[in-house]
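Just so you know, the sequences run in chain order A and B. The first sequence begins at 68 in the numbering used here and counts up by one. The second sequence begins at 68 in the numbering used here and counts up by one.
Since the hints were derived computationally from the structure, they do not count as laboratory data. None of the values given here were measured: they were computed from a predicted structure. Check each hint, because a few of them may be wrong.
A pair holds if it fits inside one copy or across any two, identical chains being indistinguishable in the list.
List of simulated lysine to any residue pairs, SDA-like, C-alpha gap at most 20 Å [said to hold, decoys possible]:
id: 1; residue 1: K251; residue 2: I261
id: 2; residue 1: K140; residue 2: R231
id: 3; residue 1: K228; residue 2: D132
id: 4; residue 1: K138; residue 2: T90
id: 5; residue 1: K149; residue 2: P172
id: 6; residue 1: K157; residue 2: R71
id: 7; residue 1: K140; residue 2: P172
id: 8; residue 1: K152; residue 2: S182
id: 9; residue 1: K268; residue 2: S183
id: 10; residue 1: K194; residue 2: E226
id: 11; residue 1: K194; residue 2: E238
id: 12; residue 1: K194; residue 2: D237
id: 13; residue 1: K164; residue 2: E146
Protein chains: 2
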Amino acid sequence: MKGRYFTEQERQILEEIIRHRRTELGENFLSQEIPETVLNRLIWAALSAPSVGFSQPWEFVIIRDASIKEKIKACFEIENEKAKKIFNDKPLYNQFKLEGIQTTPINIAIFYKPSSSPVLGQTSMKKAGPYSVCLAVQNLWLMARAENIGVCWLSILDEQKVKRILNAPDENELIAYLCIGYVKEFTERPQLEIANWETRKSQESLIYYDSYHQDSNS
Amino acid sequence: MKGRYFTEQERQILEEIIRHRRTELGENFLSQEIPETVLNRLIWAALSAPSVGFSQPWEFVIIRDASIKEKIKACFEIENEKAKKIFNDKPLYNQFKLEGIQTTPINIAIFYKPSSSPVLGQTSMKKAGPYSVCLAVQNLWLMARAENIGVCWLSILDEQKVKRILNAPDENELIAYLCIGYVKEFTERPQLEIANWETRKSQESLIYYDSYHQDSNS
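Generate coordinates for the entire structure from the input sequences, incorporating the hints supplied.
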């Protein structure tokens, strides 16, 4: 094989990073600043993700401004009130602090920008565009973990309102809104698993071979 | 900070893996089998991705059966003929072998399975569900690279036809169809960049601060 060969020891380090990556809830964040060189490495990781037809259909808005954060927080509060009604049979919901907008030094809004011309690989499945942007998010997330920095993907937001707050072009789609900061602790297991909100699914229940069979557990 | 601390040396290994990860075009694949233990590590990486509300809304169909692959290949051929018409002003398109369905030992179709009950974090942005599945794809892709295994994300497919071929439940959405195998070479740069199909965008053109400004390059 030509090209960079990775050893088993190197593979195990990736495994460790993947294993210890967490979704942070808001109260775990520290206000400590993220150095510019570190932020640049997170962005570099995102920009190094695969994308359909090498179209790189992503744009990033790095948010530190308190007044912008305040508007996003207000947007979250409205959406979270709606969510509380949906989960009114589960009082545990109210105990989670599901955002870190103002408790993290940096928020990053990540957008999909559609191409004005046809994109190789996107002619049959349009959604390969926005999906490419998600791959960039995961690269950034893993790099953050390797920097010992926590990430919260905040999706309890009204996309159209966020676009207006950030003055985003009409054609752009909001893919992810991330709150990023150092944390007090990386827990051994996901925080929603520890809280017994959800349990981990077994691998066997999620894997099929060759096709979904009629007698499968689907 | 409590929890696993990653060193700068460990971070650099992740950087290397991200830097050398490629999207493979079909002619680069080798037929060599992927050991079961290696495949299990790829699946483990996918299942360790973050997901909205820890919902783990993913299902995987691991395909080795030649007759299934033949049907998927036929589906690709039809969609690729349509694509060739779209790119008829770019003869370069015809030179790419954009799939590795039969030249790889393993294909994996990855689906989003919607939850039958409300999911924490998904009440305002429904698409956080399918986006979670993309994060699993990227975890798998990086682990494959660390195993010195190549991945081709094949999106030149008709989703409904693929679902019928695989007998997928109606409510499932096809997120990604991956062709996975050892390769002759990991190139230094993306193959579509080397071929001058697309150029790499500059970081400055993709980053905004606090909001999109009226005088920005958007």
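Structure-based check of all given hints:
no.	hint	result
1	K251 <-> I261	within (17 Å within a copy, 44 Å between copies)
2	K140 <-> R231	within (14 Å within a copy, 43 Å between copies)
3	K228 <-> D132	within (17 Å within a copy, 47 Å between copies)
4	K138 <-> T90	neither (23 Å within a copy, 39 Å between copies)
5	K149 <-> P172	neither (27 Å within a copy, 47 Å between copies)
6	K157 <-> R71	neither (50 Å within a copy, 32 Å between copies)
7	K140 <-> P172	within (14 Å within a copy, 48 Å between copies)
8	K152 <-> S182	between (39 Å within a copy, 18 Å between copies)
9	K268 <-> S183	between (41 Å within a copy, 15 Å between copies)
10	K194 <-> E226	both (17 Å within a copy, 11 Å between copies)
11	K194 <-> E238	both (14 Å within a copy, 17 Å between copies)
12	K194 <-> D237	both (17 Å within a copy, 18 Å between copies)
13	K164 <-> E146	within (14 Å within a copy, 46 Å between copies)
Checked against the numbered hints listed earlier, the structure breaks hints 4, 5 and 6; every other hint is satisfied.
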